[in-house]
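Chain A is already provided as a structure; the job is to place chain B on it using the hints.
In the order they appear, the protein sequences are chains A and B.
The numbering of the first sequence is my numbering, which starts it at 8 and goes up by one.
The numbering of the second sequence is my numbering, which starts it at 8 and goes up by one.
Keep in mind the hints are simulated off the structure, nothing from the lab.
Only a predicted model underlies this, so the values are computations on that prediction, with no experimental measurement involved.
Do not take every clue at face value.
Stated by the list, open to error - Taking lysine-lysine and the DSSO-like style, the derived pairs with C-alpha atoms no more than 30 Å apart in a straight line are:
no.	chain 1	residue 1	chain 2	residue 2
1	B	K68	B	K41
2	A	K140	A	K41
3	B	K160	B	K140
4	A	K41	B	K147
5	B	K68	A	K147
6	B	K140	B	K113
7	A	K121	B	K165
8	B	K147	A	K121
9	A	K160	B	K139
2 protein chains.
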Amino acid sequence: MQFSIRPATVNDMSRVHELIVELAVYEKEPDAVKICVDDLINYGFSSQPEFHCFVAEVNGKVEGIALTYKRFSTWSGLVLHLEDLIVTERLRGTGLGTALLDEVVKYGNQLGAKRVTWVVLDWNESAISFYKKKGAAIYKGWDWVSLDEQGIKHYLSKL
Amino acid sequence: MQFSIRPATVNDMSRVHELIVELAVYEKEPDAVKICVDDLINYGFSSQPEFHCFVAEVNGKVEGIALTYKRFSTWSGLVLHLEDLIVTERLRGTGLGTALLDEVVKYGNQLGAKRVTWVVLDWNESAISFYKKKGAAIYKGWDWVSLDEQGIKHYLSKL
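One chain only, chain A, in its complex shape (with noise of 0.2 Å):
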């Protein structure tokens, strides 16, 4: 299959909501996806972008994307995240995924990232086996914690 991957550009963003809605269908959780096109387009594409994307396109049509973005340790340094990376169920196991990874750790070492990190459902035996064959490691023992909307009005209304 002919495909290639490119950073995504303000046209790909409805395209790329269509495809994290795919995916949020696809874990059964169809409302989970509060943004909407304009808000992938102001937090991606404004002077201080909050993320960078590639997308795989495929006969013309994006099929996969990569969302990044970059963090910060207090060990490391530079460090960049993959956030999400999703590729449309029909092309699953046709090496689009593998493209992006690869692309995203190509701009991990252009920017000076000392790590490239992602997260995995721990019951995932076939991605983390992936994972380690191509030389990551991989920490347990850690949960998130997470305050959302009405956790952060919740806990500002205590103070």
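Chain B only, in chain A's frame:
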């Protein structure tokens, strides 16, 4: 105890570095801190800073820090992440940590963040229970995947 919380300045970075090292030593990882004071200054005080840090000052000395940066969720939008919350050992349990966390949540709210996130060790039940009381949700089941500098080089050498 009297203390004040304020945004860090360039002049605080030397003491911020000391506190980062103090924590690494406490965690029995004395050699883990690869960054130096100049790295903190360069990353944190450029035209596009990679982090935003608060300090807790007691009698004119910085005794605690909260280091944050922005993340981006494809479901929610802007997220403020608390990377490190450090209070010097001698002053733990005096309210500095809570005051720093309060400031972080306020800052997230000002930024328009849809979530404030951080991580916690999964065996740290007292911290988890404290965060829950503050209204936070705890997400289990995700492992971190990390390519360090060596891993990035190895990955790229195979392309």
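Hints versus structure:
no. : hint            : verdict
1   : B/K68 - B/K41   : holds, 24 Å
2   : A/K140 - A/K41  : violated, 35 Å
3   : B/K160 - B/K140 : violated, 43 Å
4   : A/K41 - B/K147  : holds, 22 Å
5   : B/K68 - A/K147  : violated, 36 Å
6   : B/K140 - B/K113 : holds, 17 Å
7   : A/K121 - B/K165 : holds, 18 Å
8   : B/K147 - A/K121 : holds, 26 Å
9   : A/K160 - B/K139 : holds, 14 Å
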